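*Asks:* For reference, the chains in residue letters:
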Amino acid sequence: MSTIRFRAVSSGDTTVVQSLIQHPMDSGFVKDKKTGKLIPPHHIEVLEFVHSGKTVFTALWGPAVSKNPYVKFAFKGAKKGDEIKVSWVDNEGQSDSLTAKIG
Amino acid sequence: MKQSPDAPDRARRMILKGAAVCGVAGLGLADMTLLVQQALAADAKGWPAEAFKQKNEAGVLKALYGKTATASDKIDLDAPEIAENGAVVPIAVKSSLPKVTAIAILVPNNPYTLTAAYKIPEGTEAMVANRLKMAKTSKVIAVVESDGKLYATSKQVKVTVGGCGG
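These protein sequence lines map, in sequence, to chains G and W.
103 is the number that our numbering gives the last residue of the first sequence; the numbers go up by one with no jumps.
166 is the number that our numbering gives the last residue of the second sequence; the numbers go up by one with no jumps.
Simulated from the structure, these hints should not be mistaken for lab results.
Please note: incorrect hints may appear among the correct ones.
[To be verified] In silico negatives: residues of chain G with every beta carbon more than 10 Å from chain W: (1) Ile4; (2) Arg7; (3) Gly12; (4) Lys72.
[Claimed, not checked] Computed list of chain W residues with no C-beta within reach of chain G, every gap over 10 Å: (5) Pro80; (6) Tyr112; (7) Lys139; (8) Gly163.
[What the hints assert, rightly or not] One side only, chain G facing chain W, incomplete, derived with CB under 8 Å: (9) Glu45; (10) Trp61; (11) Gly62; (12) Ala64; (13) Tyr70; (14) Ala74; (15) Val89.
Computed from a predicted structure; not experimentally measured.
From the three backbone atoms N, C-alpha and C, an ideal C-beta is built for every residue, glycine too.
Use the sequences and the hints to build the structure in full.
*Replies:* Laid out in structure tokens, this is it:
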């Protein structure tokens, strides 16, 4: 199962994109309740949305973005049925991507 | 806060939970070593590591954009006046400024000031909504790069229960 949930809706020339990603977004300041040791920072660093070969939105995230992050933005020039590719990379080198159609 | 029969108890539990979670002030030497080791791990391409290490607004803006910001009333910063849960504070920024190329959101009272930075290419609207963690009550600063210049606006957000945790 993908970690990415994603919805893009076109209305006129504008497409509104909303995405939710499953990720712990550990800040590095929280102690593990069992061991008492700090849980190391583990967070998405770069999240990118690409429409027909063009990057339409880039998020650069630090450890202060909430767990299971949500983001919303809007762009012009896409239409219903077009594909958008979403991809993220975190500070441990893990990554995921998903391609979905605009509704 | 909503008044209900168990409200004081609920508030107490939330405060206890917050205290257990927020160990920032009590960072020991071993913890610092761990943080330094983590900082040495390879970062994703294009991620501005230096900017995310900064502890004040001027440092972040210099590292990210190499300039300073002037106040603007053309930035709409939508943030709650009171955030009951600092772990999830919904914040949205939009601007009517022309040729917007970037938006950044700063929380100076967090351990690191920069929370998120967004690149806005041509054709993408000057708007973003997200959810951020706030360790304690702080000013939230929205910075917008428009036609090569930086503009900012800010709003105070009172945090009831700190959100250093996830």
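*Asks:* Against this structure, judge whether each hint is valid.
*Replies:* Structure-based check of each hint:
The claim that G/Ile4 lies off the interface holds: its Cβ sits roughly 15 Å from the closest Cβ of chain W, which is beyond the 10 Å cut-off. Every Cβ of chain W is farther than 10 Å from the Cβ of G/Arg7; the closest lies at roughly 13 Å, confirming the non-interface assignment. For G/Gly12, the requirement that its beta carbon stay farther than 10 Å from each beta carbon of chain W is met, with the minimum near 13 Å. At roughly 4 Å from the closest C-beta of chain W, the C-beta of G/Lys72 falls inside 10 Å, breaking its exclusion from the interface.
For W/Pro80, the non-interface assignment is confirmed: its Cβ lies about 14 Å from the closest Cβ of chain G, beyond the 10 Å cut-off. For W/Tyr112, the requirement that its beta carbon stay farther than 10 Å from each beta carbon of chain G is not met, with the minimum near 6 Å. Residue placement check: W/Lys139 keeps its beta carbon more than 10 Å from all beta carbons of chain G (closest about 14 Å). Against the 10 Å criterion, W/Gly163 falls within the reach of chain G, whose nearest CB is about 8 Å from its own CB.
Evaluation of the G/Glu45 hint against chain W yields a held restraint, the C-beta minimum of about 4 Å falling below 8 Å. Evaluation of the G/Trp61 hint against chain W yields a held restraint, the C-beta minimum of about 5 Å falling below 8 Å. The interface hint given for G/Gly62 is met, as the beta carbon of that residue sits about 4 Å from the closest beta carbon of chain W, less than 8 Å. At about 4 Å, the closest approach between the beta carbon of G/Ala64 and any beta carbon in chain W falls short of 8 Å, and the interface hint on this residue holds.
Taken as an interface hint, G/Tyr70 checks out: its beta carbon lies about 5 Å from the nearest beta carbon of chain W, inside 8 Å. With a least beta-carbon distance of about 4 Å to chain W, the hint placing G/Ala74 at the interface is held under the 8 Å criterion. Interface hint at G/Val89: satisfied, since its Cβ lies 4 Å from the closest Cβ of chain W, which is below the 8 Å cut-off.
Violated hints for the displayed structure, listed by number in ascending order: 4, 6, 8.
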